[in-house]
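Going line by line, the protein sequences match chains A and B. With the numbering used here applied, the first sequence has no gaps in its numbers, which climb one by one up to 218 at the end. With the numbering used here applied, the second sequence has no gaps in its numbers, which climb one by one up to 1319 at the end.
Source of the hints: derived by calculation from the structure; they are not laboratory data. Here the structure is a predicted model, which means the values were calculated and not measured. Idealized CB from N, CA, C, for every residue including glycine. Some clues are possibly wrong.
[What the hints assert, rightly or not] Some chain A residues flagged as far from chain B (calculated, every beta-carbon gap over 10 Å): (1) Gly-10; (2) Lys-95; (3) Lys-135; (4) Phe-178; (5) Ala-181; (6) Ala-194; (7) Glu-197; (8) Lys-208.
[Said to hold, decoys possible] Derived DSBU-like pairs: lysine-lysine, alpha-carbon spacing no greater than 35 Å straight-line: (9) A/Lys-91 to B/Lys-1005; (10) B/Lys-1007 to A/Lys-108; (11) A/Lys-90 to B/Lys-1007; (12) A/Lys-38 to B/Lys-1109; (13) A/Lys-95 to B/Lys-1005; (14) A/Lys-28 to B/Lys-1109; (15) B/Lys-1109 to A/Lys-95; (16) A/Lys-135 to B/Lys-1109.
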Amino acid sequence: MVIIGPNGAGKTTLFNIITGELSPSGGKVFLFSKDVTKMQCYRRTHYGLGRTFQIVDLFPNFTVMENTCLAFLPHETSCFRMIRPFSAYKKLHEKARALLEGFGLWEKREFPINALSHGEMRHVELILGLAMEPKVLLLDEPTAGLTSSESQKLASLIESLHRDISLVMIEHDMKVAFSLAERLIVLHQGEVLADGEPEKIRANSKVKEVYLGERIRV
Amino acid sequence: MTSDKWKWVFYAVLGIVLVILIPLSPRYVQTLAISIIIYSIYVCSTNLLTGYTGLVSLGQAIFWGSAAYLVAILTTHGVVKNFYLVFLIAILSVMIIGAAFGVLALRAKRLYFMILTFAFGHVVWSIAMYALQPVTYGFNGIRDILRPDLGLSWSLENNSNFYYFTLAVGALCFFIVSLIIHSPFGRILVGIRDNEHRMIALGCNTFLYKFLSYIVSAIIAGVGGILFAYFNGYVNPSELHWVWSGEALMMMFIGGIGTFWGPALGALVFTGLRYWVSAYTMYWFGVEGTIFVLVVLFFRGGISGFITDLPRRKIPSKP
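Bound-form chain B, shown alone (with noise of 0.2 Å):
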């Protein structure tokens, strides 16, 4: 079979594991499910700005987290309780914080660039931590946040729906990902990735590339921690720690950096081998820093770069 006739297979097999097989499946693989597709538009976010961009940021979970945190003290401490409108408020607000915290970090270049983002991280904990400590509780974090009322006669109380729910928007986030690194401003972007000298000599503005780049993933990490807030219930500090950036860079390596599957592959071995191993041992993170490496050593495409290559392992090399 050609790749393109395994490409649709692979199409077809996804469609119906989302579609149909996993609501019709138990609860704890609805659950296992909806976190799945919850980390993979995280990872995605992560993706776009690091696999695609080329800038590696330990400040991805600020858009998570914040975007989380919003979403929780909204909607506990009854200020606003329309979904559409908690929603719009925190994708602006995760948006002008990416705004501020992009303009400064990206003055900097790679390694600073990183340092950067990494002390935005530990500010912005410390503000959810400490300083609003009245509001958000701090290391106790916000509890009793309910399912968003869609307005609509279909109940996100319901597992299921809510799995089509995170499917959906999922699904969306996976979309706006696609259209944008293959249009000319994506093509742009990985222009910069691979060689930003070159780009500014073609006469390209790469800072305001970069800078929106940067927003957009804000955008998609917000919509993630937006989804994440709703379903799980409870939120707290450390959805906004440096240690829940740095997974975001892992689950993007695990599962293939730059690559358009490669978020929601990463995210679905490290949220499934989380799940699987948690029943058996404390150490979580001695395994998953033992498969980073062995990933990182001989997957360096990740597992996305591994099934492309398989075809062409198979072919018998010529004499």
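Only chain A is shown next, with the shape it has when bound in the complex (with noise of 0.2 Å):
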């Protein structure tokens, strides 16, 4: 699912709103029919709710590798151990190895965030999402910031997700809503303008004049 909007329409405060940063003020969110409203945030994500960040949100001094070790940390249960060292719990960096060797950064593992690229940032961000295993996972603009050949090359990464995973995703680069999304939702200052299948969506009159029509031509 795919969620498009000018700016201002609500696209990060909803998704503020489903993982439980902002409360909202009126209706309630329910995560595989429990309702979540109350719950606080960290919660939420043993739920299996996992996300990403619009600006790269990351550990900045840490390596790749142990940014990605961080993210399964709160799902183990050594998380609360003090004892033995961290680097000597094996599983946890087969883990880490897997995916990172999926997205081909197997070889920076020690480099500090610091020293990539943005590119590179922003897959680690898709991987720090990933290592949560979520079963849903919600995309802040995965390519805020990407040329569009490497916007293509992170679509093409998402498209190979697993399928078990529900992705819902803030999208402003139009090619890569319409070839990613199997649903789309319009939002338009604070309101669904549409929701349906990216054809529709394309056909959609409102929706062209608010957005499309002024923006880009799909």
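Bring the two chains, given one by one in their own frames, into a single complex with the hints.
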């Protein structure tokens, strides 16, 4: 599912309400038919809700490997252990390796985040989201700030992800949005303007008026 | 030589100095060394909380002072004589105080957290100063705390024995902190320090981690306070005063924030300089402040950061 909409439509706010960073002034949030409106942010992730951020939001002093392992940790039983060194948890490192190899970042595992290019940081951002093994993954503009060829690469990576994960994605790149979407929601000034298959949205005149027409030809 | 070899040279020299040279030195060197180790423990606790978890607290003296006062009260009033029991009671009390203040203070973030810990410090200080005056003797403090009896034939009245005792406890504290910072738990603490927002999004109950870090740091500060009370033989309200909390932060900055040896280096320089400067002038606080300003302006990483940067500075820049 892809959410699009002009600036200020409330896309990220919607994500923040779903993840619990903001609490809604009305209405309820359901996760797998469980009411999570009052549930704290971190708890929701344990029910399978993951997210990534629009602005790269990583651990800059840690290496790529450490970033990935850190994303596993809150979901492991070892997270409160204070004795054994972190590096001795082989299973975590194996899991991280599998993920990093999938993204072609295994060679750069010892690089601190600061030393990566913006495109690679966006990949790590996605890796961190996936590392939590979510059932629903909210991607907040995964291609923000990427060149169009980098966007295409990331889009094909996203497309190749496991079908077990439901992806909800905010996207500004229309090419990416329309190529990935199975269902498309258009938000405008905090309201749902249109909801449906990409083809229908493309044909919707209201959508064209407020959004597509003035910005991008599809 | 590679940095790994330097590391072993450093450990070897440190070991020889600490275990062999200092006990052979004159009494005043031993005394100075004991206070440096005790202060290191205290700064180490602050470093765990501030350097690794990113919580700036102005209430660390609460735990140091409370533990010291408990030792003083229990032993001088003859309530409990057994060292191990006193130790246990003091540590448990510090844990409880830490848990109570932690739950309240950690509800706030950053500056507000700091102000809350500062306020708690004031409350505890005034309790020791006025409310409990019959037991604490207020401003005069408690005198004549005897050195502990470990129940061994090995007497701690002897200065070099007390030095070894302090060294062992200090090494244990540093060892525990080293385990913690390298463990999964410790990694998460550093993660919270660097990016708490993301840690929450990854599913981490950051409050619980910060709370545990606060308690562990309270316990370690308490261990320092216990040793101090026995060593100094005298406890007064300045041990609970927020100035002493601030000095922990200063020592940490001078030594190197968020580095393993930073607390020890900070305590060494701080205590050593105070000893040396006080012989010439009364204005120790002025000197202390000046050093602090210089370190913050020119050596952000403190002494520890400066030393680890040395090899990099020697490498000529590539054309």
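Problem set entry | Violations among the numbered hints, reported as their numbers in ascending order | Violated: none.
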